[in-house]
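Following the hints, put chain L in place on chain G, whose structure we already have.
One letter stands for each residue in the lines below.
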Amino acid sequence: MTEKTETKQSGDTASKDGDRGIKVIGILCNWCSYAGADSAGTARLKQPVDLRIVRTPCTGRIDPIFALKAFEKGADGVLVSGCHPGDCHYAEGNYYARRRLELLDRLIPHLGIEPERFRYTWVSASESKRWQEVVTEFVGKVKQLGPRERRAL
Amino acid sequence: MSERQAEIRELAKAALSEGRVDYFIGWGTGYDNSQIVPVFVRDAGEVDELVWNPLAQHNLSVYLKRKMPESPDAKIGVCVKGCDSRTLVSLLQEELVDPEQIYVVGVPCDGVINRRAVEKEFSGEVVDILFDGGRVTATSRDGESKEFSREDLLFDHCRSCRYPNPLYQDDSAGDPVPEPEGEAGPIWESLEEFEALSTDQKSARLEEVFSTCIRCFACIHVCPVCYCWDQCVCRSRKPELVSQKVEAKENLMFQMIHMFHVAGRCPSCGACDRACPVEIPLYLLHRKMNQELHDMLGFEAGVDVEAKPALQTFDVEDPFGEH
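So the sequences go chain by chain: G and L.
Using my numbering, the first residue of the first sequence is number 1490, and each one after it goes up by one.
Using my numbering, the first residue of the second sequence is number 258, and each one after it goes up by one.
Simulated from the structure, these hints should not be mistaken for laboratory data.
The list that follows gives simulated cross-link-like pairs (lysine to aspartate or glutamate, DMTMM-like), each with its CA atoms no further than 20 Å apart: (1) G/Lys1632 / G/Glu1561; (2) G/Lys1630 / L/Asp457; (3) G/Lys1618 / G/Asp1576; (4) L/Lys565 / G/Glu1581; (5) L/Lys377 / L/Glu408; (6) L/Lys502 / G/Glu1561; (7) L/Lys565 / G/Glu1591.
So that you can see chain G by itself, here it is in the shape it has in the complex:
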């Protein structure tokens, strides 16, 4: 039942050249990456449309489980981005996040997910150009892999 609805939805969002749409979830920190993505939009930089953004207060708020839950719910890729280490709005949140996300990054292949489907990176509020590059590159890679086969995770 769920399977069917999913296919129907993705059929609707399929782009003109016929490929089935993919879902990429972006988990961004409010102060840097979200603002960076915002300014990329304001500057009208062309970006892939497959990214759906979740705004969090800080990368330190991000439990690795968030990313895994996204995969479980059918995401084809998860991109986590926050302030550069040293620039955290809350001084040190992203230092904690760095350890957690690195651990997650290393465990992703072990959990049966292609490593290209997960990435964590740092984009500041003023780096709208960099944001465009990061998103285009990441979504491009996920597109190449195509939709994930739906399993337990």
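This is chain L only, laid out in the frame that chain G set:
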């Protein structure tokens, strides 16, 4: 073995009669000689209930995580093996246990045996298991008797044990066993088979393995470093990370919550593996997590009381994250 048992009893007796502890947690005989269960001794006259043999697989530091079952200021005596002492160190690192309130008897350990492996050799119920040096003799209710070598019955993680002697103790029951030879690094060979699979096969295998989970929560109840109880996010409805459905999806999610939330504090003591009634190889997740933490930071959980769990601290110079 019996020497260590006598030593445990003596230490427990001294501690109880001198009033240094209110009660003493150790291992004792269950319904019959084939089973060992945790026992709580409250009186110096009852110390003969305490037993030590290779069936004593329980990690007793689990009783300290919420100072069960008595008042918060009770003084508790507890027996630990090498692996158990590491979870105790994890609890001490987080200041969840007050070192002033506990009296720790360290028991040097030659490895514990897998009772289920014995059970599988018999058609009937096993009622008696006797130890004689390296030999193990098991008898079933029908009177059928079989002999095994202790080495063959050892748990997987005992074969690769690197800390047979407790790392944190007030008194030691018996002389320390020789430290294992060979390389100092942790041993991960049990993961090799799984690691060799392709990404797709891994995902299929995880689904297969976790579809048998009945979510009885035994693994988190016996886990000494998993202590959020009713506040656990796996029981939360909002956000609902794990629903009530029992299928591979939710089961795997639940186990991954456990894995990530004990990261940096789990020393792979194997208590969850042993508690699982459907024999899910949980080490597939936990050992890998520990291996990666070791690769990342050279960190081993529960080794140094003064250290902080790896994910509860940071170093500005951490050598990763540049991508």
